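Please model the entire structure based on the sequences and the hints provided.
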Amino acid sequence: MSHLPSGGLPPKIETPPPGPRARQLCHDLDRYEAPGINTLGPGEETLVWEEALGSNVLDVDGNRYIDLTSGFGVAAVGHRHPLVVSSIRRQTSRLVHGLGDVHAHPSRVKLARQLCRRAPVDDARVYFAASGSDAVEIALKTVCLATGKPGILAFDPAYHGLTLGSLQVTSRQEFREPFLPLFHSWVRRLPFGCPIERIAELLEGDPDIGGVLLEPMVGREGFIPAPANWIREISDLCRRRDVALIADEIFTGFGRTGAWFAVEREGVRPDLLCCGKALAGGLPIGAVLGREGMMDAWRGSHEALHTATFVANPLSCAAALAVLEILERQNLPQRAAALGQVIAAKTEDWSELIECVVEVRGLGLAWGIELASSGAAHALLDRMLSDGLLALAGGPNGRVIQICPPLVITDRQLAFALDSIETHLQAI
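Per my numbering, the sequence shown runs over residues 1185 to 1612.
These aren't lab readings, by the way, just hints derived from the structure by calculation.
Hints are not guaranteed to be accurate.
What the hints assert, rightly or not - Label-pair ranges, simulated between beta-carbon atoms: (1) Arg1596 - His1368: 50 to 60 Å; (2) Gly1477 - Ser1558: 15 to 25 Å; (3) Glu1385 - Arg1483: 20 to 30 Å; (4) His1368 - Gly1484: 23 to 33 Å; (5) Glu1476 - Asp1603: 25 to 35 Å.
Since we're looking at a predicted model, the values are computed, not measured.
Note that the Cβ used here is the ideal one computed from N, Cα and C, for glycine as well.
The structure is reproduced here in structure tokens:
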């Protein structure tokens, strides 16, 4: 039985988190789970989620929170949206698992059609993936197949995943260092937002570069929007140089920045677009949407050259169809844009009036509050948690508090969160 009658409730803290049940479960997790799969050190404790609905999360000790993480950006339409749940239930009554790349199923066909119609990609074709990282792997392979050039220009900072290919285009050394012996030298790197002349010079001097990979807004590494017209200029440059433009919209896609896809804000139509996270409302899925001319490079073999057992799983496809319907029906990209203006108005003078705030930046419902030190960031997270607000820190040394709520967050919930954050910032 649900203990969350609504997903638009204020926080309510019954027991200082993490409570006794959470601590016991963390002890068990520490005993049985391999290190590296979570962020806990030996003996450390954290929250344990019991239930979630809309913008609310309930932990195992009965504390209710407002979720400002959307579960890493996944719950764009809210946790456990009724339409997503009913779509999954209908699918479970017919087909739970199929035969991957060998046999199709109706939900897969419908989702392929809808994604290709919605994508800001010319003559789009879709290649389904098991996750966002897997989508990046597919995009990198597509560039290699279509252009015959192995080189990729990526940017710093950037986060594209932790599988072997995606890790090589991810910038953070902490992730890369242990696996450097496995790497090859096909990645070139420039600073995110650098002058277009530097990109042009690199492409001119390196004929082996077949693609440019970028996040329209840096996600995990600090919520940094691209400079105005930067993506448009890169797109124009790629067209002139016959280099593929790959947009990693795994975080920004499906309404997060106030548009269906962030590249649409500048009218850019990339050659390849990676998506995932919010697409299936909580079930694993990823996809690459690419120009037909590039995707045709995968032809020529009777084997699937890149696949996985659970790709385009019936449950994930059914959930994704529901998510697309919700985004359209509830005008959630437009709502994200409107609430982004509310956040901008509320925070516009924080960096001037509050000593520990370096910068507040963002688009739609993705905002980063960069603080002067990681200590200040952790102090703010602790105080927010005591108020029932769930948030994450990212960026350099964890100094950026990331505000990334479900697009269905209520006006009251958002106002409560912003007032709480402002109060605590003034006290740090």
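Results for each hint:
no.	hint	verdict
1	Arg1596 - His1368: 50 to 60 Å	holds, 52 Å
2	Gly1477 - Ser1558: 15 to 25 Å	violated, 46 Å
3	Glu1385 - Arg1483: 20 to 30 Å	violated, 35 Å
4	His1368 - Gly1484: 23 to 33 Å	holds, 24 Å
5	Glu1476 - Asp1603: 25 to 35 Å	violated, 50 Å
Checked against the numbered hints above, the structure violates hints 2, 3 and 5; every other hint is satisfied.
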